[in-house]
Every structure is written in structure tokens, then in C-alpha cells.
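Visitor: All chains should be built: construct the whole structure from the sequences, respecting the hints.
There are 2 protein chains.
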Amino acid sequence: MKALIVFAHPEPDSFNGRMKSVAVETLAAMGHEAAVCDLYAEGFDPLEGPKHFPQRAAVERFNAQTEQHYAATHSAVSADVRAMIEKLDWAELLILQYPMWWYSVPAILKGWLDRVLVYGSIYTTEMRYDKGRFRGRRAMLSVTCGGPQGSYAENGRNGDVNLFIWPTNYTLYYVGYTVLPPFLAFGVMPPAAAAQEPQAKAHLTATEERYRQHLRTLDARSPLDFNKWGDWDSSGRFKPDVEIHNAFSRFAKAGHG
Amino acid sequence: MKALIVFAHPEPDSFNGRMKSVAVETLAAMGHEAAVCDLYAEGFDPLEGPKHFPQRAAVERFNAQTEQHYAATHSAVSADVRAMIEKLDWAELLILQYPMWWYSVPAILKGWLDRVLVYGSIYTTEMRYDKGRFRGRRAMLSVTCGGPQGSYAENGRNGDVNLFIWPTNYTLYYVGYTVLPPFLAFGVMPPAAAAQEPQAKAHLTATEERYRQHLRTLDARSPLDFNKWGDWDSSGRFKPDVEIHNAFSRFAKAGHG
Chain A
1 MKALIVFAHP
11 EPDSFNGRMK
21 SVAVETLAAM
31 GHEAAVCDLY
41 AEGFDPLEGP
51 KHFPQRAAVE
61 RFNAQTEQHY
71 AATHSAVSAD
81 VRAMIEKLDW
91 AELLILQYPM
101 WWYSVPAILK
111 GWLDRVLVYG
121 SIYTTEMRYD
131 KGRFRGRRAM
141 LSVTCGGPQG
151 SYAENGRNGD
161 VNLFIWPTNY
171 TLYYVGYTVL
181 PPFLAFGVMP
191 PAAAAQEPQA
201 KAHLTATEER
211 YRQHLRTLDA
221 RSPLDFNKWG
231 DWDSSGRFKP
241 DVEIHNAFSR
251 FAKAGHG
Chain B
1 MKALIVFAHP
11 EPDSFNGRMK
21 SVAVETLAAM
31 GHEAAVCDLY
41 AEGFDPLEGP
51 KHFPQRAAVE
61 RFNAQTEQHY
71 AATHSAVSAD
81 VRAMIEKLDW
91 AELLILQYPM
101 WWYSVPAILK
111 GWLDRVLVYG
121 SIYTTEMRYD
131 KGRFRGRRAM
141 LSVTCGGPQG
151 SYAENGRNGD
161 VNLFIWPTNY
171 TLYYVGYTVL
181 PPFLAFGVMP
191 PAAAAQEPQA
201 KAHLTATEER
211 YRQHLRTLDA
221 RSPLDFNKWG
231 DWDSSGRFKP
241 DVEIHNAFSR
251 FAKAGHG
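Sequences listed follow chains A and B, in order. If you use this note's numbering, the first sequence corresponds to residues 1 to 257, in order. If you use this note's numbering, the second sequence corresponds to residues 1 to 257, in order.
Treat the hints with care, as some may be off.
Copies of one chain are not kept apart here, so a pair can be met inside one copy or by any two copies together.
Straight-line distance between alpha carbons at most 20 Å, and here's what the computed EDC-like set of lysine to aspartate or glutamate pairs gives [said to hold, decoys possible]: (1) 239 with 130; (2) 51 with 11; (3) 51 with 38; (4) 228 with 241.
Derived by calculation from the structure, the hints in this document are not laboratory data.
Guide: Structure representation (C-alpha cells):
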């Protein structure tokens, strides 16, 4: 299997960097090929905008979808995005490794989604969800959270962590991926703070080992359930009596609300 | 009242740009002062990282919180972030105007959160939530969505749109803001697509008018409910029988899960 790890942290020697290396080592030991895309080190530009589109569909005003579609259909996608798409086409497993910053992905990873998932190439109105370009490939989030696990529980002050990663998971499904359950690391403190906590090092070591186990047992894990084209009507509403599969599906039933 | 509109779209002449202008005009007509921070036009750098911290707490490896805290306590916050914080200190109302890209904020706005909400200055372990720095000030999201409203309903294929904006709303509350109900615009298509839909122009004009009404009646709108310090224990879990107020609170009860 070919695996691509997209790494979104400014410090290679961070715990996120360690997790990236754990994935490379573990997957290699399993006989897989693992490649890393280090967004900070590669200087990836996260800002979608006119500068990436020297050939324009509409010069008078910039619209991202319009220009992405034009570039995709006129062999004019920028070189950095094309290189990323080639890597995605190569990979049978995609891992996004990042720290949760403000309950979401860091800006560099958000910009990677904004720019690389090109309208007209990676998705179209017809090529989405279970008909998405990357169908048959798997993707997985590996996320570190500074806060304690309890605060990210359903009855924690932040609420269920699955709701914070749902936008990214649903994005992966949108472009066709089979989305595996995330690996979540909690209580990942800055080095200075961790140094003052005697149990912090042991906690991080145990987290690394838990990640190794997670990776070794990927094939045994059921992917997340998502609804399919046939489940909704033309306005995007679920048909009556469809079972809803999303981050909050245990609360929701089609036909209500 | 002093209002700051943080505008996160690459095209001034977009519908988002129009919404920004509608806010400026409407607030001015109400006798308020309105200022705009145009992140793309100002060339805001969204990437948190070592380059913004010439004076380092720890040179051997970069940790964002560690360096933010050091900069905040050593008068070494970068000039662009300091200028942003001055604007936030000036504003009694903060509006974030952005298009929903991949179920989240555009990278430039994510990076604005990542960099401007400085640990040690804008928040500390003790200065958060209802004890946050911006307590007494109001904030509001104004978001455009390309998809139809039905797809963002609780029984729509994307699920309740409030779950997608919850990370940003909760971030605003985290730093102390009183968060007003968002203004949400659905079915905002690219200009080329809209030109082919006879009703698209009328829809956008009606959306603008709905936004004017939203702004004129801000004072009558109840802010979002959030839980307070006293509602959770030291691990961040809600105390038994606390009523949970968050984006999915109508589904949740403390003590369960």
C-alpha cells in the first residue's frame, strides 16, 4: 500500500512531527510505502486567490470556483497544486497529521484543502460523495488536542470532538474517500509545560504506542458511515425514513427538524 | 458604537464584498462607526510559525503557545498582530465576513484566528470564556454558503449549518465575546453560474436586504447561550444536571454520554 502523510505543523521536532515519523516507521515496517508532504517545510501557499490563475476565465472579478474550473479544463492548474494532486493520485491511504488549533485545522492545512481540492478536477457537481474522484482510497485524520480528553467529551465543555473534525472528515468524503476513524491524541501540552508534569512524558510515549496499534489495525477498522446520493432529494434534504450517518447522527432522524 | 468588519475574501467585488459594504453602510446610517479590515488586501500572513518570533522563549524547537506567551509578556508581539489587537480593542462589535469554504473559514481567516488570538495576551488559562478579555463586546459571523439552504438543514445532506460555524463561534466566546446569532446567506453562486439563473439576482438582492434588517435589529437579538466556568469541573466535564448550551445542546444533556 502507498500512504501519503500530509504534515501541517511548523516544527519538525514537535509531538506532531513525532506522530508523522511514527506513521512512516510503522507503515514501512508493515511493508507499505510511506511518503510525507511537509506543508511548512515545502512553503505551501495556503491562500486561494488571483495570483494562482494567470489565465483567467473572468478577469473582471475573481471567483475561486470559476477560476479553478477554468484552470482544470484548460491545463492551467498551478504547478504546486498539480504536484499535490499527483501525490494524492499516488496514495491509497491519506493521513492528515495536524494539531487542533481553535477547534479546527491550522491555516496551512485549511489552505491546502481550499487550493488542492480543485473544482472541475477533484470534484464536480456530478463527481462527489460516493461518486467522488478518490473513491476506493482511504483517508484518516490524526489530530493532537492540548486539552484534556474529558473536555472534548459529549458532556465536556468543548463538546464532542467528533463535531470539530466533522467538517474535515466530510470534506474527505466529499471528494470520494473512504474515511477511517480518526486517531485523536489528547492532553498534548507544549514542551515547557510538559516538562513540569512528571506524567507528561509517559503519556506521550503511551500515545505514540497507541498510534502504532491504531495503524497496525487499520484494516480491521470500520470506516465512518456517510449517506449516499440516493439518500437525498434535489434540494439536498434527506428523503423520509433515511437513516442519517454523520457526526451527530446518533441524535438525528430524517424527517425531523 | 464602534464596529470592525474583518473581511476574508480575495475579491472586493464579490457578493461577500457587497455584504461587507452593506454592513458599513447600514451601521453608518444607524450612527455607528464602522471600520473594515480586508485581510487579502492588507496581505495578512496566515501562517503561525517561527518567523514571527525573532525573540524566542525556546530556540531549539518552536511551539506556538510557548512563543506567543513569551512574546506577549516581553512586548515582542509582531507588529501586524499588534495592529490587529488594537483594532479589536477599539471595536465594540466584531463581524467576521467570509464565504464558507470546505465547511469552514477560508485559510486567511483561520490564520487570523491562529495568529491574532495570542496566548498570554488575548487569553490565558484564567482569562477565558465568561472571564475572557473581550467580555462585554459583541461578535457575529456573516457567512455565505454556495449550497441550497435545505442541504444545510438538520435533515440535509450537510447537516445543521450551525455545527460548521460552531468552532468559530466557540472561539469567539473563548476569548470572551458575547456572540450574536450569525447571518447566513445560502445559495450564493459564482457570478457565471448566477448569470444563468434568472432568479439568482433577485435572491442576492433579497439576501442583502435581509442582512440590512438583521443589522438594524441586532440589539433585539438574544446572544447565543454558552456555559460558564462554574458549569464544569477541573477536567472540563459538565457537572451533573447542568443545562448544556452549545450548537448541539438540543440533543445533549449533562450527565449522559
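Visitor: Taking the hints in turn, state whether each one holds.
Guide: Comparing the hints with the structure gives:
1. 239 with 130: within (17 Å within a copy, 41 Å between copies)
2. 51 with 11: between (28 Å within a copy, 12 Å between copies)
3. 51 with 38: For residue 51 and residue 38, only the inter-copy Cα distance (17 Å) is at most 20 Å; the intra-copy one is 22 Å.
4. 228 with 241: within (14 Å within a copy, 38 Å between copies)
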